[in-house]
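Take the given structure of chain W and dock chain F to it, following the hints.
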Amino acid sequence: EDQVTQSPEALRLQEGESSSLNCSYTVSGLRGLFWYRQDPGKGPEFLFTLYSAGEEKEKERLKATLTKKESFLHITAPKPEDSATYLCASNSGGSNYKLTFGKGTLLTVNP
Amino acid sequence: DAGVIQSPRHEVTEMGQEVTLRCKPISGHDYLFWYRQTMMRGLELLIYFNNNVPIDDSGMPEDRFSAKMPNASFSTLKIQPSEPRDSAVYFCASTWGEGRAFFGQGTRLTVV
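If you read the protein sequences in the order shown, they are chains W and F. Okay, so the first sequence: first residue is 2 according to our numbering, each after it adds one. Okay, so the second sequence: first residue is -7 according to our numbering, each after it adds one.
In case anyone wonders, no lab produced these hints; they're calculated from the structure. No false leads were mixed into what you were given.
Partial list, derived from the structure: chain F residues whose beta carbon lies under 8 Å from chain W:
id: 1; residue: Tyr23
id: 2; residue: Leu35
id: 3; residue: Tyr40
id: 4; residue: Asp48
id: 5; residue: Phe83
id: 6; residue: Arg92
id: 7; residue: Gly96
id: 8; residue: Gln97
id: 9; residue: Gly98
Below are the DSSO-like pairs computed for lysine-lysine, each with C-alpha atoms no more than 27 Å apart in a straight line:
id: 10; chain 1: F; residue 1: Lys16; chain 2: W; residue 2: Lys43
id: 11; chain 1: F; residue 1: Lys70; chain 2: F; residue 2: Lys60
id: 12; chain 1: W; residue 1: Lys58; chain 2: W; residue 2: Lys43
id: 13; chain 1: F; residue 1: Lys70; chain 2: W; residue 2: Lys99
id: 14; chain 1: W; residue 1: Lys99; chain 2: W; residue 2: Lys64
id: 15; chain 1: F; residue 1: Lys60; chain 2: W; residue 2: Lys43
id: 16; chain 1: W; residue 1: Lys60; chain 2: W; residue 2: Lys104
id: 17; chain 1: F; residue 1: Lys70; chain 2: W; residue 2: Lys104
id: 18; chain 1: F; residue 1: Lys60; chain 2: F; residue 2: Lys16
id: 19; chain 1: F; residue 1: Lys70; chain 2: W; residue 2: Lys43
id: 20; chain 1: W; residue 1: Lys99; chain 2: F; residue 2: Lys60
id: 21; chain 1: W; residue 1: Lys99; chain 2: W; residue 2: Lys58
id: 22; chain 1: W; residue 1: Lys60; chain 2: W; residue 2: Lys99
id: 23; chain 1: W; residue 1: Lys70; chain 2: W; residue 2: Lys60
id: 24; chain 1: W; residue 1: Lys58; chain 2: W; residue 2: Lys80
id: 25; chain 1: W; residue 1: Lys60; chain 2: W; residue 2: Lys80
id: 26; chain 1: W; residue 1: Lys43; chain 2: W; residue 2: Lys64
id: 27; chain 1: W; residue 1: Lys69; chain 2: W; residue 2: Lys99
id: 28; chain 1: F; residue 1: Lys16; chain 2: W; residue 2: Lys99
id: 29; chain 1: W; residue 1: Lys43; chain 2: W; residue 2: Lys99
id: 30; chain 1: W; residue 1: Lys104; chain 2: W; residue 2: Lys58
Counterexamples of contact, computed for chain F against chain W with all Cβ distances above 12 Å:
id: 31; residue: Pro0
id: 32; residue: Thr5
id: 33; residue: Arg56
id: 34; residue: Ala59
id: 35; residue: Ala64
id: 36; residue: Glu75
id: 37; residue: Pro76
The C-beta atom is built at its ideal place from N, Cα and C for all residues, glycine as well.
Bound conformation, chain W alone (with noise of 0.2 Å):
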């Protein structure tokens, strides 16, 4: 059974306090590796996709990273705005859309 594990569960920085998000899996044939950013009462919102280890991208002040057990969500300089929970997902050869979600980090920066 595929295993989506994030941590830390929470985490609390002060305005450009650089840090790291992780997101373990444990899947049979990773066909993609997600990220989503949730804000309160809204649904998850996509941010990034990732194929391959070794695979980045960025989107502001969010860069993914990919390695083969695990993925980074790292935040450079944040701004309060940055505040949100942030989930990972994998997607594996069983089914193209059958995501697995981890329970998600809650960030919070402060000014």
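Frame of chain W, contents of chain F only:
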């Protein structure tokens, strides 16, 4: 496009009552998903459809849950009878491509 539209946004019902959640996917998307989110279990896939046909319902917790997609622009998730442990946020999502699902705002269900 207005995105994935779910209704109602909030639902409070008594145990034993029937609950129907509704979803309108993004036009042109041929996959539709129903997820449930709780603090304990996170975001779980309940069922998904392709071209209005249910493909995988292995995440549906019990026979009390049923989902339909009568056409490309509408889907329902029904719980009958509802129980307090069904309280959660239910999300509908749609996509045309692998993994990049677009989520609705969710329906917060409270069963008392």
